[in-house]
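Protein chains in written order, with this note's numbering: chain V, 967 to 1078; chain L, 10 to 122.
Keep in mind the hints are simulated off the structure, nothing from the lab. Note that the structure is predicted; figures quoted are calculated from it, not measured. Idealized CB from N, CA, C, for every residue including glycine. There could be a bad hint or two in this list.
[Said to hold, decoys possible] Calculated from the model, a selection of chain V residues having no Cβ within reach of chain L, i.e. all distances over 10 Å:
{"no.": "1", "residue": "973"}
{"no.": "2", "residue": "1034"}
{"no.": "3", "residue": "1048"}
{"no.": "4", "residue": "1050"}
[As the list claims (entries may be wrong)] Here are a few chain L residues that face chain V, going by a calculated C-beta distance under 7 Å:
{"no.": "5", "residue": "50"}
{"no.": "6", "residue": "107"}
{"no.": "7", "residue": "108"}
{"no.": "8", "residue": "110"}
{"no.": "9", "residue": "114"}
Here's the letter readout for the chains.
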Amino acid sequence: AQSVSQHNHHVILSEAASLELGCNYSYGGTVNLFWYVQYPGQHLQLLLKYFSGDPLVKGIKGFEAEFIKSKFSFNLRKPSVQWSDTAEYFCAATYNNNDMRFGAGTRLTVKP
Amino acid sequence: DAMVIQNPRYQVTQFGKPVTLSCSQTLNHNVMYWYQQKSSQAPKLLFHYYDKDFNNEADTPDNFQSRRPNTSFCFLDIRSPGLGDAAMYLCATSRVGRQETQYFGPGTRLLVL
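Chain V extracted, bound-state conformation (with noise of 0.2 Å):
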């Protein structure tokens, strides 16, 4: 069955600290990823997405993802967090149609 894991279930980082988030995708043909944000209280919101062409994708306040399709991951990172990224971020694929299959997230705990 299509699915998505996330490795990290909880991640504390200071401020300024590099983040790099795990996310591995189940081969099923054409994937297209995605990284949500759940911030506390909040609904979940799309960081970036990724579809085709440069495997390095741009995302909403400084988040990158970078898709290595030989190692059917989609890992997120940020070089420095702010207080404010602490969130829950969710990682998810589409395969053949909309159904969007999600990871099991991880709760990101940044210290000021």
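Given the coordinates of chain V, work out where chain L should sit on it, guided by the hints.
Just chain L now, with coordinates in the frame of chain V:
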């Protein structure tokens, strides 16, 4: 602002008592989705509508039903809630196409007593 609205934000029901959650959108999107999200787990797709065409996930229990009377509204009906149905229920919308972003509502947290 165009958005996805869910009401109520919190819903308390009794074991076995039917409950309906509602979702509305001002985005005029063709596709509407319902997800169930339990604590520390991924959102799990229950079903979705392409316009009026209903698409049920294979493992969605029969206890969960949905209605979409028009483009703007979609309802989730839980006919006989059990304790295991306590969760956050998320509504989302999108245009048709696997590349399309899904826009989420704030969710309704369901508590079953």
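Hints and how they fare:
1. 973: Correct as stated: the minimum Cβ-Cβ distance to chain L is 14 Å, above 10 Å.
2. 1034: holds (19 Å)
3. 1048: holds (23 Å)
4. 1050: At about 19 Å from chain L, residue 1050/V clears the 10 Å cut-off, so the statement holds.
5. 50: Residue 50/L check passes; min Cβ-Cβ to chain V is 6 Å, inside 7 Å.
6. 107: holds (4 Å)
7. 108: For residue 108/L, the interface hint holds, since the closest Cβ of chain V sits about 5 Å away, which is under 7 Å.
8. 110: OK, holds: residue 110/L within 7 Å of chain V, min 5 Å.
9. 114: holds (6 Å)
Of the numbered hints stated above, none is contradicted by the structure.
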